[in-house]
Amino acid sequence: MIRTRSYVSQSVQHLRPSGIRRYFDIAATMQDVVTLGIGEPDFVTPRHIVDRGIESLNRGQTAYTSNSGTIELRRAISAYIKGLYGVEYAPEDQILVTVGVSEAMWLALKAILDPGDEVLVPEPCFVANAASVEMAGGVPVPVDTFVEDGFQVTGAMLEAAITPRTKAILINYPNNPTGATLTRERMLEIAAVAEKYDLVVLSDEIYERLVYGVEQTNFASLPGMYDRTISMSGMSKSFAMTGWRIGYVCAAPEIMDGIRKLHQYLIMSAPTIGQVAALEALTHGDDDVASMRAEYDTRRRMIVDGFNQMGLTCFEPRGAFYAFPSVAVTGMTDEQFCERLLHEERVALIPGSAFGRSGAGFVRACYATSRSNIDKALERLQRFMQRHG
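Take the sequence shown: its letters are residues 1218 to 1606, numbered as in our numbering.
Hints in this document: simulated from the structure, not taken from any laboratory.
C-beta atoms are modelled at their ideal positions from N, C-alpha and C, and glycine is treated no differently.
You can trust all of the hints, since none of them are fake.
Simulated restraints, written as ranges between beta carbons of each label pair:
1) T1400 x G1303: 16 to 26 Å
2) H1231 x K1413: 31 to 41 Å
3) G1333 x R1518: 38 to 48 Å
4) Q1278 x R1604: 55 to 65 Å
5) G1460 x S1508: 15 to 25 Å
6) I1288 x P1381: 40 to 50 Å
7) G1354 x E1412: 23 to 33 Å
8) G1300 x D1514: 17 to 27 Å
9) R1604 x N1284: 48 to 58 Å
10) T1221 x R1604: 45 to 55 Å
11) H1231 x Q1278: 40 to 50 Å
Whenever a hint applies, use it, and build me the whole structure from the sequences.
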């Protein structure tokens, strides 16, 4: 029989491949590569958290938990958020434990979007954000941000992109890839737009504890925003628990009912061992977060100073663990810069255009790696810039 059609759906065929994977694949075939490309803590999960996970296995806690996550963990998440921001979510019906923020993001979008609904997506942003909107049946509408504004989205930028089909705004601050944070003033602008046009705000706050010299504001804590905000966070970045795959989503009961319904059909429960470890992290892990944040801050200043000294102008990132320098001085595109740097000096960075059109001309460097690796990368970059700067 001759096959006359593709078995892959058009919606999947039209999805843009991840712009960061190609560079990881190339680097994996090379020797002696210093990678500043992977957005993952280089710290091992703190020992006491690991021990609690091991203990749970030894006790035979290998079955499913409640679909929503253990009530103990949901209570701990509720207390954690209240302690940080003064925002209260009921553990019973307003908090759902997910398989990382990635699941939380898709659930939230799928729960609120009808086919063709538009979501405003400030860029540069994590590569999965626009794709998640598409996979949920929506239409991502990119909203460009610029280094002159510290890569902060403004209310005016959002309002200019609104149409009758706009349903939601998806924000990710502290931001991947830029390291930008939002001031409270900017957040209030976004809140005003959301209220004026009756929009839902999805706030990905996975880097919320990794801020340097600024205060993180939970979007739901803003006046009038509690009922229209879907807050998402998790354990991966702040607690160095990427492989444990524990995230969570918080929302008003009406929205959460839809999110939970989807979760019930998609996932039996988030990993049991991860939930036990997450409970330990939230209740006894603040000192670990503070220690890792201080080290990231040292690396942040080290890498930003290094970029600026060699002519790769870099605004000051105040959150997450990324720097986003401009490569305009070289005359290369960001993709050309990254490819030539990888092949000539074996340093792996990610082109800014992988994170949206307004990232063009910049590169993402992750400083969640050792100081010695950062030193080595800067030395190689200096040689590269002497030839091409």
